[in-house]
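Protein chains: 2
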Amino acid sequence: METLPISLAQIREAHARIKPFIHHTPVLTSESINTIAGCEVFFKCENFQKVGAFKARGGLNAVLSIPEEQRKKGVVTHSSGNHAQAMALAARDSGCNAYIVMPNTAPEVKKKAVAGYGAQITFCEPTQEARESNAARIMEETGATFVSPYNDYKVIEGQATATIEFLEEQTDLDFLMVPVGGGGLLAGTALAAHYLKPELQVYAGEPEGAQDAFLSMQKGEVVRIDKPNTIADGLLTTVGDKNFPIIQQLVKGVLVVNDQEIIEAMRLIWERMKIIIEPSCAVPFAALLKNREKFAGKKVGIILSGGNVDLAKLPF
Amino acid sequence: METLPISLAQIREAHARIKPFIHHTPVLTSESINTIAGCEVFFKCENFQKVGAFKARGGLNAVLSIPEEQRKKGVVTHSSGNHAQAMALAARDSGCNAYIVMPNTAPEVKKKAVAGYGAQITFCEPTQEARESNAARIMEETGATFVSPYNDYKVIEGQATATIEFLEEQTDLDFLMVPVGGGGLLAGTALAAHYLKPELQVYAGEPEGAQDAFLSMQKGEVVRIDKPNTIADGLLTTVGDKNFPIIQQLVKGVLVVNDQEIIEAMRLIWERMKIIIEPSCAVPFAALLKNREKFAGKKVGIILSGGNVDLAKLPF
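The listed protein sequences derive, respectively, from chains C and F.
Our numbering applies: residue 1 is where the first sequence begins, and numbers increase by one.
Our numbering applies: residue 1001 is where the second sequence begins, and numbers increase by one.
One chain only, chain C, in its complex shape (with noise of 0.2 Å):
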């Protein structure tokens, strides 16, 4: 087995240094979703968090961990997501500014929900060439420091302590389940994992519409997928090259799901379990409904990602 790159120290640490920032989400279950499901189903529901969404963990572990001197010129990303609040917040806990470029085509309640936070929006065109072209002018003129949504071990290491949190609560776990888009909640579910409970099987579900991550899994080295599509809008992106060996190393298998099939599981988790979440956090439930035979009465550990999604604009 390689090296990995993160230890089980460092992941502690960075529980310990973002803990006054977050909040400690809880892990609910239904009875009925249990029934449908054919096994015991834990969710643990970072749609609860900061943010609403589990991003909030790497931003705050990401910008916390920038030495004073450097933090205090601000930090910057390209995001129009829940990686631009959850820099935003942390840009604003930890008192220093935060630049974040985003696309005009952005939603206004995004666009509202960044600025609320007190950072400095930049917008700019919707292509990749104009977000990174104007990161790298304000990290010129600022000097404020880049980060990654997910191609960054401080935002790994941030991922990876909900699931400290889900194994503390719920010791006897047989699978744990997470989405996949650039793969900082994976690589960051997978490492805590393996250090807490070597024997715990660690799957991902992907949008068919994205499937870059099963793809990548296959050949044995990251493939891109040229037009993702899916309406899983939070896992479009292409698995990070720091995430890649992480996953390949740890997590069993990536499953994959189509649209209609994380609508259906996003709609029953509304109805029976009283909780918003946006479509990319169906995705794992939606491949434990699609693989019932792997998960037969098994307890399965599910990470919610995240809760922001449009209520004038539902799918059902």
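Hints should not be assumed to be uniformly reliable.
[Claimed, not checked] Straight-line alpha carbon distances no greater than 35 Å define the calculated DSBU-like cross-link-like pairs of lysine-lysine that follow:
1) K110(C) with K1290(F)
2) K1111(F) with K298(C)
3) K290(C) with K110(C)
[To be verified] Among the chain F residues that face chain C by a calculated CB cut under 7 Å, a handful are:
4) K1019
5) F1048
6) G1052
7) A1130
8) I1263
9) I1276
10) G1307
[To be verified] Here are the simulated distance ranges between beta carbons:
11) P1005(F) with N291(C): 49 to 57 Å
12) K1073(F) with K313(C): 22 to 30 Å
13) P107(C) with K1313(F): 20 to 28 Å
14) R1224(F) with H24(C): 43 to 51 Å
15) V109(C) with T1003(F): 49 to 57 Å
16) A1115(F) with Q128(C): 50 to 58 Å
17) D310(C) with N1258(F): 24 to 32 Å
18) E1169(F) with E125(C): 46 to 54 Å
Hints in this document: simulated from the structure, not taken from any laboratory.
Note that the Cβ used here is the ideal one computed from N, Cα and C, for glycine as well.
Place chain F on chain C using the hints.
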């Protein structure tokens, strides 16, 4: 002060009785909700309770308190709402039959939910007379015991157990708020608060279109509203004659809100807390927002009463 009809010991016994069958629901908080409200709000999430509402507590306590020989003959109630599901669950968990009289106009989803717990449903015309005569006939035919949704000391005891849990977890509340319909939750909450923390001020929220509790408190006797009408469909009932004297003695006040205020409060909780609550459940938070100065800077507990809402018919 008049003698209260329920003691702390009885509430604690009720809690021990139903504990194996209910969820210990979490208390959630939200920084953005606190900012909006201008005080610290703690939400006890009974929308996550079995059957999606606090009603499971009262239903279970009432059914489990019936002597076993009698209970074998079954239990009966008329309801189209959360109490019907609570009775069906309680009967199933205690191994007896539940006979539920439902108006034939009840939503399909509620019929299904009640049937899903194995209850025997009798459909009738949607009038109070038809509901009562059908329930009476079933009692005569089967010997089953009738359980009222709220006007029953065992139901009130059961509802009081939510406050036992709440005040154990959150010891420093200044205010405690719940909605009022028939008054089971309000009477139970006020009793438990009175015994555990006499200085805690208990307030109810009530919809303007069904403000019988507000008017009853003013007049000093139960006042009926002719045609109650509100989006808070769980709060249409008149406060019970067993509930009212307890409420009159122990509740500090009833705060009235209109349907628009209820919908806005409901939406805020969905968006900021990422949890699903039904309109009735949003009433105390709407009352808090309408009376900000009363609660400014204080610690306010709110029991979120339920989350059973038709996702295809959202008011926003």
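Now for the hints, and whether the structure bears them out:
Among the hinted pairs, K110(C) with K1290(F) is consistent with the structure: their alpha-carbon atoms are about 27 Å apart, no more than 35 Å. Annotation: proposed proximity of K1111(F) to K298(C) holds, straight-line Cα distance about 31 Å (limit 35 Å). Of the pairs offered as hints, the one joining K290(C) and K110(C) holds, with about 32 Å between alpha carbons and a cut-off of 35 Å not exceeded. The criterion of a C-beta within 7 Å of any C-beta in chain C is not met by K1019(F), whose closest approach is roughly 15 Å, and the hint is violated.
For the restraint placing F1048(F) at the interface with chain C, the shortest Cβ-Cβ distance is roughly 6 Å, inside the 7 Å limit, so the hint holds. At its closest, the beta carbon of G1052(F) sits 6 Å from a beta carbon of chain C; the interface hint therefore holds under the 7 Å criterion. Taking 7 Å as the C-beta contact cut-off toward chain C, the hint placing A1130(F) at the interface is violated, the least distance being around 30 Å. Hint status for I1263(F): violated, given a least beta-carbon distance of 12 Å to chain C, over 7 Å.
The criterion of a C-beta within 7 Å of any C-beta in chain C is met by I1276(F), whose closest approach is roughly 4 Å, and the hint holds. Checking G1307(F) against chain C by beta carbon gives a least distance of about 3 Å; that is within 7 Å, so the hint holds. Hint check: P1005(F) to N291(C), Cβ distance near 54 Å, so the stated range 49 to 57 Å holds. At about 51 Å, the beta-carbon gap between K1073(F) and K313(C) misses the expected band of 22 to 30 Å.
For P107(C) and K1313(F), the Cβ-Cβ distance of about 24 Å falls inside the hinted range of 20 to 28 Å, so the restraint holds. R1224(F) and H24(C) have their C-beta atoms about 46 Å apart, which keeps the hinted 43 to 51 Å range intact. The hinted window of 49 to 57 Å between V109(C) and T1003(F) holds, with their beta carbons roughly 54 Å apart. Between A1115(F) and Q128(C) the C-beta distance comes to about 52 Å, which sits within the given range of 50 to 58 Å.
D310(C) and N1258(F) have their C-beta atoms about 26 Å apart, which keeps the hinted 24 to 32 Å range intact. At roughly 50 Å, the beta-carbon separation of E1169(F) and E125(C) lies within the given 46 to 54 Å, and the hint holds.
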